[in-house]
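Could you fit the two chains together into a complex? Lean on the hints.
Chains A and B supply the protein sequences, listed in that same order. Okay, so the first sequence: first residue is 120 according to my numbering, each after it adds one. Okay, so the second sequence: first residue is 6 according to my numbering, each after it adds one.
Rather than coming from a laboratory, the hints here were simulated on the basis of the structure. Don't take every hint at face value.
What the hints assert, rightly or not - Partial pick of chain B residues on the chain A-facing surface, computed with a CB cut under 8 Å:
#1 L14
#2 L18
#3 A23
#4 Y339
#5 F347
Claimed, not checked - To spell it out: a stretch of chain A is covered by chain B in this simulated footprint if at least three of its residues, at any positions, have a beta carbon under 8 Å from a beta carbon of chain B; those stretches are:
#6 265-276
#7 285-291
We treat Cβ as the ideally placed atom computed from N, Cα and C, and that holds for glycine.
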Amino acid sequence: MRRPPPTAATLLAAALALAAPAAAVAQALPGIALERALARSLGVGVGDTVTVGTAPGTGRAMRVEAVYAPPPDPVSLIRRERRVRLHLPDLAALLGAPDRVDRLGVRVRGAATPESVAARLNAAAFGYHAWDARAIAARSSRTFEVVSRFHRAIGVITIVASAVFLLCIMLLKVEERRLDAAVMRFIGVRRRTIFGALLLEATVVAAVGAALGVAFAWVAGAATNLFYQRFFDTSVVFSLVTREIVAFGAALSLGLGVAAGALAALRLVRTPPMTLWGRG
Amino acid sequence: MRTALRDLLRHPLRSALAVLGIAVSAAMLLDMVMLSGGIDRSFASLLLARGYQVRVSPRGTLPFDSEATLGGLADVLRRLRADPDVAAAGPVLGTAVFGRGAADSAVVLFGYGVEPGAQGMYELERGADLAPDDSLGVLLSAPSAVRLGAGVGDTVVLAARLDPQVASASVERRLVVRGEVRWVYDYRDQPSVGTLLPVMQALAGEGARDAASAILVRVRDGADLAAATARLRAAVPEAEVRNVDDLVAVFRQRLVYFRQVATILGAVSLIVTVLLVGTLLTITVNERLGEIATLRAIGIGTGRIVRGVVAEGALLTAAGGALGLALGLATARYLDAILTSFPGLPAAFSFFVARPDALLTAALVLAVTGTLAGAWPAWLAARAPIAATLRAEAT
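Same shape as in the complex, but just chain B (with noise of 0.2 Å):
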């Protein structure tokens, strides 16, 4: 190892150079590593972020996809209690209302209908959540609290199915600002509003009575999921029920072509770094070749000088991928944010996830990749005829 190192230092410029190449290889491939497998694990995660491992839709629909309602709530939620495996269920009802705060104007919301006893859909950041009785209360995103003007405590109207022929709201509700919560599912800086579910029943109207856009069911803790979610859609066979998995094999589908990109594009990396190595070291070993025969003459195994060759390889590889995975974050950081303004994407999506197992596959990957670049130079060196060698040096 100490004889690679102080051959490649011995040509400074070109080794400074190949590990650069192999450094914004090494990022790039690092980045798709992050990318492939980021997408699933932020998704997964993001589903599961308050524990509801279940979501069941109207049929043909993913939650919150479309305008399209569950009927017969109460006997649908019934059914899906039943159930053993069943810890909790959770209906929400969205739909968009106006809200007037302590700007007069009225303000574009989007509504959210909850039971807070079992809702997976926000966490508390301040005040109170909503009590199960509370139908005069209602929670506030951080941005919605922006437009309305509102705080903790203030009195906000929330409006909905405006007539355009006599300008006003067919209902409204005054309520008082609970608390202030993050909507997990909600993109940035969507305005959010929450109250209880019968009170966004009533502001929807009457096609939303004893409905609701989806329901989070709770599975058991050692509870067996694709079980659990096969028995629930046979005692819901009008709803769309889908666990975690299911769904993030749909949203993988959705996303298809960042998974092929990142596959094209970090096999690219490979073949660049495969490129640079083996070039690097191809041209290296052709320069020495006299002074590898010298060597061979004098007994030194060709083993060794096959070490030592793969040595250097590993060596330009490991300085460039030490170098790339500082890059490669850096670089992953800032496409996140690209990708991350996606109109629509929620606020907690990431697609580049920086995982342990990401950094180690990259790393690996490229070790091997890098080490079996020099292979080919390697056998150059050991397959050189020592005399016609040392002769065409001699002349």
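The following block holds chain A by itself, in its conformation from the complex (with noise of 0.2 Å):
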């Protein structure tokens, strides 16, 4: 049980009770601006009206100015509030709050900082505090940081098991040559050509592995999306297949493929053929 710090969204979202639609629409009531999920849920469309207050029975009818698509924010679709926006003078007279807000936007002027206007501002007087955007940004961005270092640790440990998993199929793979490996030594072919040909098949594989891995990769990312996306009605991208990931997959299949390919290649054509053929 935390208590955020105060924003106007919040404070909207938390006080605010919606009762059904009334019947009559006035051009002179207040307006009011619904985020299109809740405007669905009620049922009401533009030009209708509602009735809004902070308790049930205490409602102020309001007309239904706009549907808005809320901005793509995961950290509100992961929280399922539904939001409003009223003019500012509106919502103060409903919560018996005038003249107060829960915060400001300010623009510097000329070619002063953001941030020496925040410490001046600060200097100046308290009761309040100045953050310049940059620092805003970074506070409210620590919820993204840590879903992202989780993601990186699960990662590592993806990699870990594909890695061991990559290496026994090779081991596996290469080892099912040994017959094969016997018969072209018994018949005079190098050991650096039996090398090769067995390092060129599992260079094969693990690039085919690797193709298929970056299909399957899109194509679970599109489901991801399209799953997320209707559920937490947003258009926020939940999975994001960018080339630099294609590429480090793709690399990582490639070279962890070919080593663990080599390292077998390299046992089996050490082994003496009568070993390998089953009479050693």
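The structure is reproduced here in structure tokens:
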């Protein structure tokens, strides 16, 4: 149970109770904008009248002037809150808190830097705290930094598991060629040639596997986005398969596959041919 | 089983790699089982830390999720306490205050106003609790004690509603530190202070008179919690009344992403285990088709051969699982340290909870999966035609 820093949005989302649409539509009523999902759940549209209040039975009629799609904000979507926008004096009157706001946006003038202006404002008086936009961004992005660190840690575990799996499969794949390698050695094929052939085979397997993996990642990413965008009714992109990620994944798979294949092939060509044939 | 073990030891490198692969998959599976159930368990035990099963908050809000307060507090409390199953109802008001201690500069604190006789918010760590009429006492958390430079017996000043124009506080209280407490729902390093409810209401201003942010209700032992919650809901229709189960459901909805990630990654771990065990045993069986055909030719039953192959899979899975258990517990601690650094999350909350039932579930699922993964190679071994296989081996 924590108390978040006060913002107009949280205050608004928390304090307002929306009642069913009223029948009459009056142009003189104060305007309100509803988030798309909220308008849908209430079954109202532009021009309809809704009753808005801080508690049941204390509402005030307002006219829906707009229905808007919320900006793609990952923080608000996990809270599953429904939001409305009102003109500031209307909200202040509703809350009984005139001449009061939760925060102010300030645009600096000329060559002044936001940091220096924030520092001057903080030194000038107390009862408020001024932040420059970069500091706010750094504080509000901490949630995503944590999620990102979690994803990276899971990614490392997955890479370790994949590496062991790949090494094991490549070892088995190369060992399957024991008899072929023995025959080639018996007929005089050089170790280096056998090693090269096995390495080439491992490279082809790793390359095909990497290509299939990229295709699977792309399909899985698209399915993830489709599912979560519908689930949260948002345009937030949840899975992004970038060129860098593809390059990293493909390089890692190829590198690990070739290395594992090389190790297994080296082990095979060093084994005496009679042992490979099963008579050693 | 002994034969299966001997067969596995014939290829130590490949068996070791398979065990290692299964161990990493098992670790991932265990972590994901711990994550999927741990969130609910941890949150529920956090809510029940002080034995209060019901929360009453302003309509449309979760407790302490907004600035909204519950007005007409005396009347709401009277109606709640009138219920025969309510053992205690403790109001809490939370608000931002400024504090001054040994260091003269003001620090921003989070203030709780409580009724010490019915509080579910803190545990006393040192010093004394507030007496019911102690309007001159204050409780500090360890972070607030550090920031104020104050300890038990010291005097601190709490101020509120600072006016930027005249650079002074509208209200100030000089209070004596009675004790140091751990606020159950505080996030890490949150500087909190606690006073009697009327003191904090006075600091919060006119709008907070006879108001609280939330009320914690303890239902009598043995009472039907769902029925009591429904009655309280009817008694205070202007407020949101939720019991622990309701709150866990809301919280579960908010953290649905982590539960779904846990499900997906757990499933991937199982698939990797099946592929690893299945591939290894298929190749092993293919290599030993001649030996298996010979055994069958001299009268060894198909069932025994199938059991031998399945036992190999079970042995690999058991060895990998045991290693994965230790690995999983270590990685769970690391992953938990990452996720619990979420800003604003109660410090006592955990995402990964090592419960016996989680360990047992992961072990059972892994054992069944690994054993079943040997079924296909075992079927291959049992179905191989004896004569044709022996002829092929001879040539």
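Here is how each hint holds up against the structure:
1. The criterion of a C-beta within 8 Å of any C-beta in chain A is not met by B:L14, whose closest approach is roughly 16 Å, and the hint is violated.
2. Interface restraint check for B:L18: the shortest CB-CB distance to chain A comes to about 7 Å, inside 8 Å, so the restraint holds.
3. For the restraint placing B:A23 at the interface with chain A, the shortest Cβ-Cβ distance is roughly 6 Å, inside the 8 Å limit, so the hint holds.
4. Look at B:Y339: its Cβ gets to within about 7 Å of chain A, closer than 8 Å, so that hint holds up.
5. A distance limit of 8 Å between C-beta atoms decides the matter here; for B:F347 the minimum to chain A is near 5 Å, and the interface restraint holds.
6. Counting residues of the segment 265-276 of chain A whose CB falls under 8 Å from any CB of chain B gives 6; the rule of at least 3 is met.
7. With a cut-off of 8 Å between beta carbons, the segment 285-291 of chain A has 5 residues touching chain B; three or more are needed, and the interface restraint holds.
When each numbered hint is compared with the structure, a violation occurs for hint 1 only.
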